[in-house]
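Could you build all of it, start to finish, from the sequences and the hints given here?
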Amino acid sequence: MSDTISKSDINLSPARQSKYIVRQDRLPTDPEITEVKVQYKDNELSFRCINISAFGVGAIHSERFDMNQTDFYPIKVIYDDFVLIETTVRLARLDETAGGQTLYGFEILGEPVSMDALKGLEMAMDFRNKINDKVSEISNVPSEFIHEVLEIKDFLTYMHSELKKIESELPTSEPTERSEIEAAFIQSFARYLSHVVPEQTEKLQNLWDNYNEATKLVATNYFRTSLKELLFSAPFSARAYFKPRGYAGDYEMMNQLYRQDIAGPDLFARCLHYYFVKAPSAQAVRNRATYMLGKIKKLIAANPGKKLRILSVASGPAWEIQSWYKEFGNELSDQVEFCLLDQDEHSLKHAQKQINIIARSQNFRPNVNLYSKDIRILINEGLKFGEFDMIYSAGLFDYLSAPVARITGKRLIKSLKPGCDLIIGNFNFNNPNLPVMNLVFDWQLIYRSDEEMMNIFKGIGSNIEIEREDLNINLFAVIKKDGTD
Amino acid sequence: MELTKTQDEIEAIREQDRFKETKAILRVIANRMAMPLYMLFWVADILYVPHLKWEFLAVRSLIIPNCFLVLWLTKKAKNFLHIQWVASYFVITLALAINYMIFRIDIAETPYYAGLNLVALGSLSFIPWKRYAFLLVTGLVFGPFYLITLLQANNSDSLKGIAINSFFIGSTILILFLIRFFNERLRVKELNTRLELHGEIASRNKIIEEKTKQAIQLTELSRQFSPQIVEAIKEGRVTLQNEIHRSELCAMFVDIVNSTERLNRIDKDDFQRVMAEFMDDAMKVMLKYDITIDKFLGDGILSFSNDPIKHHDYVERVVSAALEIQQRIRDKQSFYEEFWLAEFQVRIGISKGFASVGFYGSKRYFHSYTALGPVVNMASRICDVAEPGEVLVSNKVKAALGKEDDILFEVRGKYNLKGFENDIIKLYKASYKDSASKAKGELDCPECDDGILYVDQDTKGIYILKCRSCGHICEDEEMEFQKRAS
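Chains as they are written, first to last, in my numbering: chain A, 1 to 485; chain B, 1001 to 1486.
Note that these hints are calculated values from the structure, not bench results.
Just to be clear, a hint being listed does not mean it is correct.
[As the list claims (entries may be wrong)] Under 8 Å between C-beta atoms, here's a sample of chain B residues computed to sit facing chain A:
id : residue
1  : 1114
2  : 1462
3  : 1464
Each residue gets a CB set at the ideal place from its N, CA and C atoms; glycine is no exception.
Now the structure itself:
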């Protein structure tokens, strides 16, 4: 098994190709590692095996032997030192390949070869290739990146084992006492993590930023493969990464951020989960809901007694609307019609259910309309739900490229009453959790500066102002439509 | 076709195989083997028991009608259970004759037991018995022998002889059982391999069939829909509703002026060339605007927009397409004059309203995505009253477009169209304000002439604008282009 085999060594010469129908049940084998040993005139000849089926074996050899179709030959098919088949064959056909080799088609005599063994061979080959691919992929990851990843892994592994010990020492007889101790511990430890994690992940992000696209891909894969069991034990990170609703930032993730509870199968997972939901980017999400709630309150206060229509685009759980109803549902629910638009029907149903719970407990009738629409339809068809006194969107434009964002902005502003505001939220670069979001959660957003926001929406309204929430992580373009209401 | 078989199904297939095998074996052993062999062994009777030779010949002769009976029963057998009983009957009757001879010989250690062994060898090893039948037949072949010989045994030598015979009989049964057992295992294994192979081939055939069906369907669809719609259907983003549904459409009817007269005047090849050029241009423009081509009617084309893909600007798309078709004809007038030998002109009528849309016609022959309703007829009637080179639209079309900066609408008057006698319809002539071709819109591809941008998602889940015709992805810098366009 010395020379490597080229494709032309295996393929029939073009003139002969049309003569034969290729059996589809053949399993192609790697001729480099699959050998056919044929007992021929007291000699054991070594052929390179190119395929196997239940009824035959295809092999090539540089020499042409004078074999007869009427003679029987004992053979062994050896795959990587493992004797896969030991049987008797007869020569069925003999041909020249395009590479000048001789192709031997042997028919297996007697019982056909078990397909199970062939399947095993196929699986072994796939597995071998998979391992080779993995090894070659890892060899492409820069060593300094591997070093940083291993440092994080060491840190997390140590943390995991120590937290296990601590968990086992917590009192089990008094559940209340235990949960109080645990909650205090997690809250304190999460604060420690908020200092350590950004520092470590930032180093990785800096390295990652300087790589080309191919290296970025293998480096990210390496990072996630090495740390997935540790990182994805936390419910928040697992949901962000695995995206059970098909996209990051679904309503349940938003709920986790708003609830800020402690969740996870063990103390380690609970610490990580709590750290993630308390991180600055998570606080920024809560702040943007507070910001939108403020805008809603301001609009209603400025228009006492006037019937208002407010649209939330990509509404998610509509936390700000839930909060508004909790505060004002009893007295002002008749004055405002909230329209929620989201591509995820489940998200809309969840928001409706939550609002209905509030309404039942306070005994009022909410005026909420739900619209399930994809961004593509929004762009193609525009909005056809009448005109609104305010339209806002937080958590959508971070996923839109500038041209799409501009068109979407234009479609939305068309549905505003003159003189009313369109408020568009977008994460900006000032996000300390950017590396975690990119590398750990695979939560890819488009981060934009004030200037970029201004540039995108320039000219679609009479005036644009850029506002921000307390942490300066989320920006809001407040676009006023021409005319007076 | 079902691709995987359960154990019960495999057992059923094997039983069918057993039925066929047993039938084939019985045809041989009840015909070519048993009769001559039985008669041949009469020679042994002559030598060993000459005093019983005629009686034994009579007994042996009974095998002939018995064989014919078995052959007849074999022919009549309907399933494996039947044929197994026929085989059991045959083997037991053969053994019965031998047992009778052993009884008549009256010597416990008689070598005639070998006859039973031959019967057992010939039948138990070949016929694929069920295990219970195997045991039953074995019992009924050798059971009477032991009963007879043990009753006949009168001294220790006789018992010794029976014991020796039993050794050979036992060995024969054991060997036969093992042969049967291993043979059956091999057969089942072979059957599994065969079924797996059939399953694999069937699975591949099914995939090929499905892929071919899909390819044919998509080829058919590509005659009616733009590449972006076909792609959307292929990716499952657009579903063609199987049932006929109501849809608000903008219909366009394009008619070539004086085509019948030209057909008689100019060379047939020239006529074909002009038609091909025009149809190619018109279709390109329509598909560019995602307009569905309903049908070709002689020298006319009927098309509509807003189904299967909804567009907020579906009326604008049709009017823009109509104006672009007229513009293309003007641009290529020198080509047309060379072959058409006159000014090549089309008249276009556009209307807006509701229609029933869906796949009409026989599934096998004329199965196309078609719109039926007054809106379609009206487009045709408006086309009838349009002047050559004109795009004439109904008042509803004009109203839907509202204030279009670059399109001019001139009132052509109020019409009482055929088929709409009770309605007075105001028609407008549409044209570009500056007569120049329209500037590119915000969803027109900046890189190619025929492309329209659509929203797609990249590998990171980011929504982007992409051209289906040339694949161009609109970058952030191209915002400037959008701003100019708007």
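Hints, verified against the model:
The interface hint given for residue 1114 of chain B is broken, as the beta carbon of that residue sits about 32 Å from the closest beta carbon of chain A, more than 8 Å. A distance limit of 8 Å between C-beta atoms decides the matter here; for residue 1462 of chain B the minimum to chain A is near 6 Å, and the interface restraint holds. Below 8 Å, beta-carbon pairs count as interface contacts, and residue 1464 of chain B has one with chain A at about 5 Å; its hint therefore holds.
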